[in-house]
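Taken in order, these protein sequences are the chains called A and B. First residue of the first sequence: 1, per the working numbering; consecutive thereafter. First residue of the second sequence: 1, per the working numbering; consecutive thereafter.
Sample of chain A residues at the chain B side, in silico, Cβ under 7 Å:
{"no.": "1", "residue": "3"}
{"no.": "2", "residue": "46"}
{"no.": "3", "residue": "51"}
{"no.": "4", "residue": "224"}
{"no.": "5", "residue": "231"}
{"no.": "6", "residue": "498"}
{"no.": "7", "residue": "505"}
{"no.": "8", "residue": "582"}
Rather than coming from a laboratory, the hints here were simulated on the basis of the structure. In this text, a Cβ means the ideal position worked out from N, Cα and C, and glycines have one as well.
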Amino acid sequence: MHSVVRPNAWTVIKLPSGNTRVILVVPNSTISLGKYGSFPANLIIGRPYHLTYEIQDKKPDEDFCRLRIVPTEELYADVFADEESSACETPSAEVPKPLLSTATGDGTEITVTENGELVVRSGREASDVLVRQTLTQEQIEELKREGSNAGKDVIEKLLLSHTALDQKTSFSLAKYKALKTKKYIRRFQMLPVDIPNFAHWQLEEREPGKIMDMRAEMLGLVECWGNAHFSGEEAYLEDPGATCTQGEEALAPIRPELLKGRWLVVDDTCGLLTAAMAEKMGILQPDDDDESDRNEPQQAPDSDDEEQPEVAPKKDGSDAEMADVPGTADKTGEATAKRPPPKPRASDFAIPFSQTNTITILHAASQPNLSFLSYWGFDATAPNHPPHPLVNHLLSLTWLQLLKPELDTTYSIPALTAAPEELASWKPSRRGNFHRKRRRFARVRHIVDATRTGNFSGLVCASTMDTVSILQHTLPLLAGGAPVAIYSPTLEPLARLADLFSISRRTAWTSGSAAETVDKTAEELERWPGSEDFPLNPMLLLGTSIQTSRARQWQVLPGRTHPLMTERGGTDGYIFTAWKARPAEGKVAAKGKFKRRKLDAGVVVEGEVAV
Amino acid sequence: MPTMATPHRVSPFLEPGLRTKPGSLAVVQLSRDNFLPVYLQEHTGEHDGYIEGAVVNTRFGSFPHSTLINVPWGSQIRASKVDTGSRGRKRKRQLTENSEGATPEPATNGAKTDTAEPDDADAETALKQAVADSSGFVHILPPTPEIWTTSLPHRTQVVYTPDYSYILYRLRALPGSTLIEAGAGSGSFTHAAVRAVYNGYPGTTPRRKGKVVSFEYNEDRYHKMQEELTQHGLDGLVQLTHRNVYEGGFLVDGGRSPEAEAVFLDLPAPWEALPHLSRRRPTTDDDGTEWVSPLHPKKSVYICTFSPCIEQVTKTVSALRRLGWVDIEMVEIMNRKLHTLRDRVGLNLQVDRGVNNSARDVDEAIARLTEIEERFRENVRPSRGEDTEMAEEEGVSRTRAAPRTEEDAAAPTAKFPWQDGQLITRGEPEIKSHTSYLVFAVLPVEWSDEAEAAVAAKYPLGKEQKVVGAMDKKAKKAQRREMLEQKKGDRKSRRKERDEKLAEGAVV
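Just chain A, same shape as in the assembly (with noise of 0.2 Å):
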């Protein structure tokens, strides 16, 4: 994660109403807040995350609003001062220096102290009475025109214009005074676009139904219970050094014993749980940040060199192995990362992919919807793509590529092949078409050979599709004791699927009621195609479980500390956990050791059997 605004990068862009916007920081530009005003782009780029700034006054001589960061104090003044008032138990013990003050008409005080706080000195009982603001639109308007001083003065007036405000006790004033804060005054916080403030902008301002509702607390069982984590440094095949004339046979063979640590993925939220899975795995943003950071204030000459090994692969992979026209794209490649020793260009059967630390991605449609990646720079559909973690470790295939691979044509057509003399012979863009045609061909079979190997680490799901289908199809791709995170908004098709896996619905598999698993091996019952008895075999997953999160937020502020009066509502989300199960081969007995007695030995106590 960034920890300085970067230009041309995504931050979020709180406001004081609460709401976020996410912005691309463009250089040079001038950033609007719409009422909040608006400010030149270059006052924030470079600055660290989580700033309170204050959109200043414009001065005479300038045309556009200065920055000024709001310290903290002031920003926790009115706590502050409830804090001191409350501390001291007489209230009239310390009266603050009143800067202004008005007196109503039934004796009652109010007075703005020094720093801001609004002293309000009456014992009364709320009013119900509802327009008490003598400020009409037309002036609030015009002091908002005039506006100095950040919408501090509008806030003011207003709240001294107010008739009732003697009426109001002080947690009603309290909340007057925040709800006009809010409206008027004209600060913004920057945060960085993180799967965090990402999502809960998707959720609560954008469309939910996109992310399907996913709140973070589910974000976050799903990633633990997906056990998702950094697995490997990242490990490349070999490049085959094929030449134009080979084919097929000429493709790097997969090599099982490499495959470590990767993940299935079936995602139809745009790409956030893609995005929210690769972040904890530690490849969603490139690793420059620290390298960056130490040189732009100290230039620590010695950070680039260690970060070279690492990276330099990774580079002249993507570069070489996702250009459109090789060539260009070299040169391109080289011109941005800066690295002066041109490598040998890789082989159009050159496997980019890690064989580590990977997401294995499934989708229905011919191309994976990963729009949300954008946010984080990385553009899936893109084909020559600059280097980015994700280039390497991504994998994605269809359905069809994963089932029937035959029927799909990249797949199946085999790989073209030409002569030295005449691949010379053609034009450069014949050329560029010629390599890339055999460079995707060698991926998509890496891809899908690799896939269905099998042993992958876990399976994350957040789909509209059938849970059962899903399963049925990625169970057999998964190893032993690989945890399984399914989400859904709703309940419904994971207790469906739950019910799957019943303890009855077990023991009468094992018992024999399925008479279609008689004198199948493991390996047949492993890829169970489902009967209508039983769509999975139920042996296959241990310890199924549905769960439920809530967050609950609370307002913590002196004397008045309580839950949040209102959340959002709608879908709770819940997620489906499970372990993927290897079971014995032949018939398993269990009668249960605890229960021994002299006489009966054979007795198979069902309710006990171990799930």
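Chain B: place on chain A using the hints.
Just chain B, lined up with the frame of chain A:
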């Protein structure tokens, strides 16, 4: 701390591999929520009184370690016949075993047969080959923080998965970051945190390695925890210190800053530890010595405190505000587990556990009542009527009864009892309705005037051209017009433009 350059055995929590290995931790799943952590031991000759070597004894039978080693994770393991009744009478047993003759029939479990080493036979104390028993089975699972949390030996209150998953999510604990944890407690959070920050063992590549810097005040717990970390292969990834952080702060290795980006405090009084987690010397103590911040100097630091009482929260939040933390939020996690079951109601269902033998619907109730009424009438009739009438009535009642049974047959009855009834979900019998309050906050980087001046020079003002974000109608129109003009040109140039844009984004 045994770190750096020593060849590492990667923790089974992080990279378990495909099969169980001797000497590492495995989890035996006895039943749905019943896990038993087991450190797999290879047969060393000196065994635990059993002829089969080390044995796990459960209520589902005995499981010699030899049947648990080198099997694929997730395997179902059958119990073995182990004589658990004559420990200490080893010698005598052996004699009788030998007299019984050669090895009995080998177990049918394919995974098991290849585990018992044949060359053990000529070892001094011969390892007896395990023989399958019919008493039950278990599954063997790789350890994960989730399983460990439910099976670990309790020393203090445990931070459970619903809490720690949310905490780690909010703390941005990602590969490569350093996380301070105070109050290691039972270690459940430690295990989850180390998985989140892990990106390789120290010394393997030059990249900065993720680490958990953990503090424990209780000496007994500290020693147990340290032992556990070593057993789990987490040395070098977790740096555990025995210290009272209220007094001692969070520096490690005699005054070095861990440069943490995330902090988790599971302490009774977090506010007493908070002043140590500042960017600069807190005003409360000033003893003239050089003060080092344990926080990362160039990154925002995320914190979470975990306190069960609201009074603790109030004090913590107040202290956080005074110390300059922003985005302070307090939440409480409520987690529910749901069980699915079949709700079977009906008069004609076989009597079974969980079956409600009452009428399924009004029709069934009426049918039942009619039947009772008829029977009642049949019983009272003989005292009243003539023979002919009775015969007639009987016929009628029979014809009336017949369709009902047919109806019953036609009613949808499932082939198996577990397909019957309505699928329902129900919460677990006891829920954890309150674990703790979680307070989250962020401490931004300290931004000095010099730093501001340097950046301001790098990004000068006054060259603003376009407007980003909320715009009025006029500005929107102007931008749209500009965009349309740009759109001209063929596909190729547009693609090139997009690539350039991407490259721009990647370089910066």
